[in-house]
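Chain order of the listed sequences is A and B. Under the numbering used here, the first residue of the first sequence is numbered 1, with each subsequent residue one higher. Under the numbering used here, the first residue of the second sequence is numbered 1, with each subsequent residue one higher.
Please note: incorrect hints may appear among the correct ones.
Claimed, not checked - Pair by pair, the computed Cβ-Cβ distance ranges are:
id, chain 1, residue 1, chain 2, residue 2, range
1, A, 131, B, 748, 39 to 47 Å
2, B, 370, A, 96, 29 to 37 Å
3, B, 776, A, 88, 27 to 35 Å
4, B, 2, A, 89, 28 to 36 Å
5, A, 89, B, 432, 40 to 48 Å
Simulated from the structure, these hints should not be mistaken for laboratory data. Backbone N, C-alpha and C fix where the C-beta goes; we use that ideal spot for every residue, glycine too.
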Amino acid sequence: MTTAVEPIASPPAQPPIEARERMFHARGLARIYGEGEAAVTALAGVDFEMFAGELIVLLGASGSGKSTLLNQLGGLDSPTRGILHYRGWDLGTADEAGLTQFRRNAVGFVFQAYNLIPSLTARENVALIAEISRDPMSPEEALHLVGLGERMDHFPAQLSGGEQQRVAIARAIAKRPEVLLCDEPTGALDVRTGITVLEAIEHINRELGTLAVIITHNAIIADMAGRVFTLSDGRLVGVRENTSRATVRSLAW
Amino acid sequence: MSLLDRKLLRDLRALKSQALAVALVMACGLAMMVTTRSLILSLSTTRDNYYERHRFAEVFARLKRAPNSVRDELVKIPGVATVQTGIAIQVTLDVPGLMEPAVGMINSLPERGAPVLNIPYLRAGRLPQSQSRTTRGELAVSEAFAEPHGLKPGAKLSAVLNGRKQEFLISGVALSPEFVFEAPPGAALPDNKTYGVFWAPYKELATAFQLYGAFNNVALTLAPGASEGEVIAAVDRLLAPYGGRGAYGRTNHPSHRRVDDEIRVLQGLSVAFPLVFLSVAAFMVNSVMSRQITLQREQIAMLKACGFSNRQVGAHYFKFSLAIVVGGVVFGAAGGVFLGGKLVEMYHLFFRFPQLDFMLDTRVLVAATAVSSLAAFGGVAGAVRRAVNLPPAEAMRPEAPASFRPALLENFRAARWFSASFRMALRNIQRRPVRSGLTCLALALATGILIVPNTFRDGIAYVLDFQWDVVQRQTVTLSLVEPQQARAIADFRHLPGVVLAEPFRYVPVELRAGPIMRRLMLQGLPERGTLSRVIDARPAQFTLPARGVVISAKLAEVLRVKPGDEVIARVLEGEEREISVPIVGLAEDFAGVAAYMQLDALNRLMREGDRITGAHLSVAAGQWEEFLRAVKNTPRAAGCMIKASMRDGFRKTTAQSIGLLQKMYMMFAVIVAFGIIYNSARISLSERARELATLRVLGFTRGEVGAVLVGELVLLTVVALPVGLVIGSGFARGILTAVNTETVRLPLVLTAANYAFAVAVVAVASALSALFAARKLADIDLVSALKALD
Ligand SMILES: Nc1ncnc2c1ncn2[C@@H]1O[C@H](COP(=O)(O)OP(=O)(O)O)[C@@H](O)[C@H]1O
Ligand SMILES: [Mg+2]
Numbered sequence: 001m002t003t004a005v006e007p008i009a010s011p012p013a014q015p016p017i018e019a020r021e022r023m024f025h026a027r028g029l030a031r032i033y034g035e036g037e038a039a040v041t042a043l044a045g046v047d048f049e050m051f052a053g054e055l056i057v058l059l060g061a062s063g064s065g066k067s068t069l070l071n072q073l074g075g076l077d078s079p080t081r082g083i084l085h086y087r088g089w090d091l092g093t094a095d096e097a098g099l100t101q102f103r104r105n106a107v108g109f110v111f112q113a114y115n116l117i118p119s120l121t122a123r124e125n126v127a128l129i130a131e132i133s134r135d136p137m138s139p140e141e142a143l144h145l146v147g148l149g150e151r152m153d154h155f156p157a158q159l160s161g162g163e164q165q166r167v168a169i170a171r172a173i174a175k176r177p178e179v180l181l182c183d184e185p186t187g188a189l190d191v192r193t194g195i196t197v198l199e200a201i202e203h204i205n206r207e208l209g210t211l212a213v214i215i216t217h218n219a220i221i222a223d224m225a226g227r228v229f230t231l232s233d234g235r236l237v238g239v240r241e242n243t244s245r246a247t248v249r250s251l252a253w
Numbered sequence: 001m002s003l004l005d006r007k008l009l010r011d012l013r014a015l016k017s018q019a020l021a022v023a024l025v026m027a028c029g030l031a032m033m034v035t036t037r038s039l040i041l042s043l044s045t046t047r048d049n050y051y052e053r054h055r056f057a058e059v060f061a062r063l064k065r066a067p068n069s070v071r072d073e074l075v076k077i078p079g080v081a082t083v084q085t086g087i088a089i090q091v092t093l094d095v096p097g098l099m100e101p102a103v104g105m106i107n108s109l110p111e112r113g114a115p116v117l118n119i120p121y122l123r124a125g126r127l128p129q130s131q132s133r134t135t136r137g138e139l140a141v142s143e144a145f146a147e148p149h150g151l152k153p154g155a156k157l158s159a160v161l162n163g164r165k166q167e168f169l170i171s172g173v174a175l176s177p178e179f180v181f182e183a184p185p186g187a188a189l190p191d192n193k194t195y196g197v198f199w200a201p202y203k204e205l206a207t208a209f210q211l212y213g214a215f216n217n218v219a220l221t222l223a224p225g226a227s228e229g230e231v232i233a234a235v236d237r238l239l240a241p242y243g244g245r246g247a248y249g250r251t252n253h254p255s256h257r258r259v260d261d262e263i264r265v266l267q268g269l270s271v272a273f274p275l276v277f278l279s280v281a282a283f284m285v286n287s288v289m290s291r292q293i294t295l296q297r298e299q300i301a302m303l304k305a306c307g308f309s310n311r312q313v314g315a316h317y318f319k320f321s322l323a324i325v326v327g328g329v330v331f332g333a334a335g336g337v338f339l340g341g342k343l344v345e346m347y348h349l350f351f352r353f354p355q356l357d358f359m360l361d362t363r364v365l366v367a368a369t370a371v372s373s374l375a376a377f378g379g380v381a382g383a384v385r386r387a388v389n390l391p392p393a394e395a396m397r398p399e400a401p402a403s404f405r406p407a408l409l410e411n412f413r414a415a416r417w418f419s420a421s422f423r424m425a426l427r428n429i430q431r432r433p434v435r436s437g438l439t440c441l442a443l444a445l446a447t448g449i450l451i452v453p454n455t456f457r458d459g460i461a462y463v464l465d466f467q468w469d470v471v472q473r474q475t476v477t478l479s480l481v482e483p484q485q486a487r488a489i490a491d492f493r494h495l496p497g498v499v500l501a502e503p504f505r506y507v508p509v510e511l512r513a514g515p516i517m518r519r520l521m522l523q524g525l526p527e528r529g530t531l532s533r534v535i536d537a538r539p540a541q542f543t544l545p546a547r548g549v550v551i552s553a554k555l556a557e558v559l560r561v562k563p564g565d566e567v568i569a570r571v572l573e574g575e576e577r578e579i580s581v582p583i584v585g586l587a588e589d590f591a592g593v594a595a596y597m598q599l600d601a602l603n604r605l606m607r608e609g610d611r612i613t614g615a616h617l618s619v620a621a622g623q624w625e626e627f628l629r630a631v632k633n634t635p636r637a638a639g640c641m642i643k644a645s646m647r648d649g650f651r652k653t654t655a656q657s658i659g660l661l662q663k664m665y666m667m668f669a670v671i672v673a674f675g676i677i678y679n680s681a682r683i684s685l686s687e688r689a690r691e692l693a694t695l696r697v698l699g700f701t702r703g704e705v706g707a708v709l710v711g712e713l714v715l716l717t718v719v720a721l722p723v724g725l726v727i728g729s730g731f732a733r734g735i736l737t738a739v740n741t742e743t744v745r746l747p748l749v750l751t752a753a754n755y756a757f758a759v760a761v762v763a764v765a766s767a768l769s770a771l772f773a774a775r776k777l778a779d780i781d782l783v784s785a786l787k788a789l790d
């Protein structure tokens, strides 16, 4: 019998999924817009779990329910049916005040349209969120993390799309969120700029151990993820686990 | 400073011209509120202090003659606190430098000691002293009369006392709480050139009129809790045997009533105008904020997604409107203080106080801030509520594209000729009917507000013509000291230059209908005179019937009677008598209130034979000076009212002060009209920026694109103008009703010129705003306007 020796050469990048803390837990999660004949089933009952430190990509055609799912995770919207727990706390039955606190303390959002406040500078946009968080990092630190140390005092209109999106990411992470939710963060960007933005997200995920969920409809981007959820018509039709995560730089767009 | 506040400041800066427009409209409303409320405070405080310090009496009575012993009985009346008796008598004056005779009302000063009631305030010199110490009789003169004649202590003046001309020395210039407003008895308008108040020692005055040891004038104050009505009744009973002419309280005191009426006018103005302006401002705040919130839909969603609570987001937008309110309050208070300071000087034209200073009503500032904050918050509450209630996931989605339909108007055949721009304008209006309706209403309000100030001006012009060309066509009115035989008219006819003379008899009466009563001169006039005429609302001349009275429409309103009703007339002269007379018609007049009766009918009622108290005369212009000289030497003529100087007086006092108000309101109205229209243009520009940019990208020229925007504004303006004229006429009617008093009224005169002016201002404001918008349109960056398009 030989002593089981851990292979020193290739330590697992992360502990096995099951050993990590379970952040989200969904059973039969459904979201139906409207009523009667006009009802649209955006999510038709999905089951999943998401764990701390994971990087998950949501894939799917337009209209498949990705944004709806992300909004549920972020407490922007409540499920019509089913269960959605965050660290054992029932998001589905939480009230407005509870959801506000959840968003304020646990969640960082990045949107396709950046949604920066045009009348505030990059630094101020980040500082704005720091104002309402418990233990924020300084705006400078957050902006350095996304590689924008230089242009902190520019207004959004003076920044390129990629830079604006990185400001948005800095804003999202400045509060040290447990979850970073990104809805098509590269949707409005060209390849090169998109890469810098994805790198920033990956960097945060690795350095801070933040659970990151990224929506895309670009299958190649999915290679950077630990797990890939594929949605179709409001159903979760596949969960793929990448044995090795590709670095963003290696993605062939 | 929190970053949301910094965002607020920057957003405000970006919206500065619109925020300024709203703040200015608000400021106009507030300035009027501050001005008028402060003037009310200044007038009423000054008056109350003056009354108290100079012991203005509470009950007044005139009588023919009573021995001084009656005074003791007056004191004994339950409820009476202090009594002052004396002599007040009207004399003819010969003022150096004045061609026409003037009338003086001389009041006696107590024989021993200082006055205890209605104490004169000395502006210059000293009170007159008895002849025993000086060689010549002395008089103190009221400031209102002294000023236009340049009378200073040491000046000389002749007066005809009981038929004997006597020269007096002016010892001082004085004021009295009894004569804050100084006008001839029964006259609504001041005539400081030919009527003045004087003070003389009791002894001189009494001796000259054989009244020594007697009095003909009573002033008294009431004990706390005493009933004025009971005291008046007791005084009347006591004085009746001595020729008492009916006691009255402050509400019937001419000077007091005039000040009261002025305060009432200010009260009307302090509510009516600001109400309109502040509602307009609230509407503007709402439109600006709704637009702002729509534009920041995604920012709101982001703030909420990041954990800002509804309260924080809501507070942010409320602060936005609060900033506008603060701007409005600061401008409004500053404007109000400035204008109030100016307007308070206007009251020196009418009212004589020892000192009248502008007092800022600080409570109104607090109230005004509260009112406009409420107005602003009311204006934005809906928009803010909608914004925070929007689930963030929802707000993140771009607003659903508007659904367009062909405009209803396009169903008409003429629609073929509509240009593409015009069609787009039409469809835009129809797509948002509420918004378009509100903009239209705002434009209509802007038009309407512009109507009001000029109705003041036109009303004054009408009164100047009507009162002195249609109603009073005499050159001069001469009155007699005492009623005389009707044949005295012959004396007047023989004066040089007299072309026509019409007799009249004025009898002081108290008209009563139920509990309400008014004292006035019942005017007996020829059945259908050519000089002083009684005119109805049409306007047509009345033929005075053999029975019944014609009274001012305003008097009928005050007494709550209508033609056909009876009123009780108590004669306050000679034999005490009460008669019931039917009202046969309502006269149109604008200054004071009056009652008219056929001269013969009045004489029959009085049962003293055919008597007159004066005559209206038409005098040939060439013999005017000769005429005046002759009048001065007619001892029986007690008063001489020259129409031209009455009209002049009106022009210099009432007309001038209303002119000032008109200018002030006009300035405000123009600001408000511009503010409303500019704001509307900016909002429709902002709502359509993307659409207009798209049109430009598609190859439309800047002019064509501008035409869409301007076309919409023009369409709305065209609809709004007639509505505005109707609304404005309503405002004018409401405001004139609110400020009409028994002393001065303005008729509602709506002229084509007034309407044309309002239309022109709105047209110019629209054109300028369109120009502004078109300039902004050029600034729209086509790329960035389209960049956010998905
Ligand atoms: N607020 C809403 N009201 C009605 N339907 C909605 C709403 N939001 C999303 N949907 C519908 O739900 C479905 C899923 O939308 P979404 O989650 O945005 O898709 P994805 O992000 O995958 O493109 C779509 O058919 C969409 O039209
Ligand atoms: Mg989506």
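| request: Could you tell me which of the numbered hints above are not met by this structure, giving the numbers in increasing order? | output: 1 and 3
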